[in-house]
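Visitor: One-letter residues, chain by chain:
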Amino acid sequence: MSRLKARFQALKAENRAALITYIMACDPDRESSQKLLDALPSAGADIIEFGMPFTDPMADGPAIQLAARRALAAGGSLALTLEMVARFRQTDRDTPVVLMGYYNPVYTRGPERFCREAAEAGVDGLIIVDLPPEEVDELLPHARAQGIDFIFLATPTSDEARLPQVVSRASGFVYYVSIAGITGTRSADEAAVADAVARIRRHTDLPVCVGFGIKSPEQAAAIARIADGVVVGSAIVQAATDLGNAGALDLVRGLATGIRGAAVAENGTGK
Amino acid sequence: MTNLNTYRAGPDERGHFGLYGGRFVAETLMPLILEVERAYRAARLDPAFTEEFRDLLANYVGRPNPLYHARRLTGLWGGAQILLKREDLNHTGAHKINNCIGQILLARRMGKRRIIAETGAGQHGVATATVCALFGMECVIYMGATDIARQAPNVYRMKLLGAEVKPVEAGAATLKDAMNDALRDWVAHVDSTYYLIGTAAGPHPYPAMVRDFQSVIGEEVRAQSMARYGRLPDSLVACIGGGSNAIGLFHPFLDEPAIRMVGVEAAGHGLDSGKHAASLAGGRPGVLHGNRTYLLQDENGQIEEAHSISAGLDYPGIGPEHAWLKDSGRVEYVSVTDTEALDAFRLCTRMEGIIPALESSHALAHAGRIAGTLPRDHLMVINLSGRGDKDVATVAAALGEGGPV
Numbered sequence: 001m002s003r004l005k006a007r008f009q010a011l012k013a014e015n016r017a018a019l020i021t022y023i024m025a026c027d028p029d030r031e032s033s034q035k036l037l038d039a040l041p042s043a044g045a046d047i048i049e050f051g052m053p054f055t056d057p058m059a060d061g062p063a064i065q066l067a068a069r070r071a072l073a074a075g076g077s078l079a080l081t082l083e084m085v086a087r088f089r090q091t092d093r094d095t096p097v098v099l100m101g102y103y104n105p106v107y108t109r110g111p112e113r114f115c116r117e118a119a120e121a122g123v124d125g126l127i128i129v130d131l132p133p134e135e136v137d138e139l140l141p142h143a144r145a146q147g148i149d150f151i152f153l154a155t156p157t158s159d160e161a162r163l164p165q166v167v168s169r170a171s172g173f174v175y176y177v178s179i180a181g182i183t184g185t186r187s188a189d190e191a192a193v194a195d196a197v198a199r200i201r202r203h204t205d206l207p208v209c210v211g212f213g214i215k216s217p218e219q220a221a222a223i224a225r226i227a228d229g230v231v232v233g234s235a236i237v238q239a240a241t242d243l244g245n246a247g248a249l250d251l252v253r254g255l256a257t258g259i260r261g262a263a264v265a266e267n268g269t270g271k
Numbered sequence: 001m002t003n004l005n006t007y008r009a010g011p012d013e014r015g016h017f018g019l020y021g022g023r024f025v026a027e028t029l030m031p032l033i034l035e036v037e038r039a040y041r042a043a044r045l046d047p048a049f050t051e052e053f054r055d056l057l058a059n060y061v062g063r064p065n066p067l068y069h070a071r072r073l074t075g076l077w078g079g080a081q082i083l084l085k086r087e088d089l090n091h092t093g094a095h096k097i098n099n100c101i102g103q104i105l106l107a108r109r110m111g112k113r114r115i116i117a118e119t120g121a122g123q124h125g126v127a128t129a130t131v132c133a134l135f136g137m138e139c140v141i142y143m144g145a146t147d148i149a150r151q152a153p154n155v156y157r158m159k160l161l162g163a164e165v166k167p168v169e170a171g172a173a174t175l176k177d178a179m180n181d182a183l184r185d186w187v188a189h190v191d192s193t194y195y196l197i198g199t200a201a202g203p204h205p206y207p208a209m210v211r212d213f214q215s216v217i218g219e220e221v222r223a224q225s226m227a228r229y230g231r232l233p234d235s236l237v238a239c240i241g242g243g244s245n246a247i248g249l250f251h252p253f254l255d256e257p258a259i260r261m262v263g264v265e266a267a268g269h270g271l272d273s274g275k276h277a278a279s280l281a282g283g284r285p286g287v288l289h290g291n292r293t294y295l296l297q298d299e300n301g302q303i304e305e306a307h308s309i310s311a312g313l314d315y316p317g318i319g320p321e322h323a324w325l326k327d328s329g330r331v332e333y334v335s336v337t338d339t340e341a342l343d344a345f346r347l348c349t350r351m352e353g354i355i356p357a358l359e360s361s362h363a364l365a366h367a368g369r370i371a372g373t374l375p376r377d378h379l380m381v382i383n384l385s386g387r388g389d390k391d392v393a394t395v396a397a398a399l400g401e402g403g404p405v
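Order-wise, the sequence lines are chains A and B.
Per this note's numbering, the very first residue in the first sequence carries number 1; after that it's consecutive.
Per this note's numbering, the very first residue in the second sequence carries number 1; after that it's consecutive.
In case anyone wonders, no lab produced these hints; they're calculated from the structure.
Cβ atoms here follow ideal geometry from the backbone N, Cα and C, with glycine treated the same way.
Hints may be right or wrong, so weigh each one.
[Unchecked claim] Derived lysine to any residue pairs resembling SDA-like cross-links, with alpha carbons at most 25 Å apart:
#: 1; chain 1: B; residue 1: 326; chain 2: B; residue 2: 215
#: 2; chain 1: B; residue 1: 166; chain 2: A; residue 2: 61
#: 3; chain 1: B; residue 1: 166; chain 2: A; residue 2: 70
[Claimed, not checked] Here are some chain A residues pointing at chain B (derived, C-beta under 8 Å):
#: 4; residue: 77
#: 5; residue: 107
#: 6; residue: 182
#: 7; residue: 197
[Said to hold, decoys possible] Chain B regions said to be covered by chain A (calculated; three or more residues, Cβ under 8 Å):
#: 8; segment: 117-126
#: 9; segment: 170-184
#: 10; segment: 245-254
Build out the structure end to end from the sequences listed, making use of the hints.
Guide: As structure tokens, then:
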């Protein structure tokens, strides 16, 4: 069983949503980024999204744009990203790691080679922001062949006609981008997210995780009552920048507490 | 060279020109991109759409513009007859307006009220702000802070026309960064907003759509050449940033095997200097801004900054159809340095009384290299894609205080 599948099954038994934390590889440098990566699970991260730095992060807001710039200035690359995952795997065999980024560095490395190396490093899933279902055929088969889950994004603009196309070839989980916008900016309305998650569930049995614009433990708790996973990225990246790794890990602990509280509250109401 | 029955059939239904093109965008934009494609396909079949496009090109833009026989440059270079396609005489001073007229009609058809665009030299920004004023639409232009500094007259022109000009500070603060921010804006305003892309690049259907709107350039050249000389030209030369003026000139002639076509990229300080904008000569295939094409990039697939004295050519990519035409060998691609372009700028100004845009000066510079080697009955069309008024300050700075004007 894939790590992602095992993790979602275990969380289902605990009756709570996953906390999915995003950080950027090599931000602000390799050593500090590795330390943060290694410490995320014990702070309460259930799944890690690991950003692959790219010069032109078109779907990202200021926090992650600046993170990418710092990472690249520190020598960040796809090769280093994979090395960091491999090092993480020396001590953590269970926490799923999903690489998130843009297609050009992957294309440059070669889809087949990249997927093979990612699997060797211990990567469990891929989110490639600028590879919609229309263009995914050049990467998806290689990911599948290596047992790597391919995670598709559903958005507020994915209508009933499009959703089946988006989720039909997904594995691991479906990532619902809760706002039409870039990362780390606006926050979605809870009721709208609940509607969208319900709509997506009609098309897939995969876990549905929600991200974009979720910053606080309270927001995380609210989304945790609706979805199978809560993705927090820009807020953690910003905390690490402003307060260092310790500050970022404090935020992760707070988010984890929020999500666990949501599970208790849900049990308490007998839902 | 690959011999095909036609070079004019692309792209396929998925927007691919061979390996190039496509729709590499975030899922949020996909439904909208598909809607643009559907709307454009319907518009092309609607005679009323074509009629209004042609009417505005004739009565608002001032087309057809002349195919001018530049006798003094012809004499100086001593070979081919030099014919300048005068896109500089269009309303707003460049070829950019052709595409803007087409796309604003499409945006109106789609019910959009807010227009966004990216601009480098400011020519596309001015053209977009102009059509937004004409149609009473809200207009937001993304422009790199570096370009704002070197294209001040165009910035003010856009503001006069009612556009909001948003400075982009990221990266080298040029066209690539402006396009990133325009795409970010679009993702956040998908319902209300139409992205009026200025060149034959970006996700499908933009490369094909912009080419179609710009093909009026080549179609006019065909008619003008036939009327005056009773035959088609022998060669076509155009500068290439994204490549819309070049594809507009070339496309109607791609299946005329006798016609030689040359696209001229910006070599900046020289191809070996690392400071240039020649993505075909110095790049390799990659994915950026919604399409696969030749890109300036490092060995890890990180996009590199382009450099050109001409803000309109200062972009690390190129339209996907040019990438395909390069690989197929149908079009020849060369490059010209900043210095060569400046020399051609001064030459054309002094010899013909026409101040060309620095972009177009790249095409002139290459024409000057080859014209003398060609027979006197050779008809060479150079696309004078824009006028150089906007570049006067840049040229003055490059030539130095009191420099030889």
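Visitor: Next step is simple, just say for each hint if it's right about the structure.
Guide: Verification of the supplied hints:
no.: 1; hint: B:326 with B:215; verdict: 19 Å, holds
no.: 2; hint: B:166 with A:61; verdict: 16 Å, holds
no.: 3; hint: B:166 with A:70; verdict: 24 Å, holds
no.: 4; hint: 77; verdict: 5 Å, holds
no.: 5; hint: 107; verdict: 6 Å, holds
no.: 6; hint: 182; verdict: 5 Å, holds
no.: 7; hint: 197; verdict: 16 Å, violated
no.: 8; hint: 117-126; verdict: violated (count 0)
no.: 9; hint: 170-184; verdict: holds (count 6)
no.: 10; hint: 245-254; verdict: violated (count 0)
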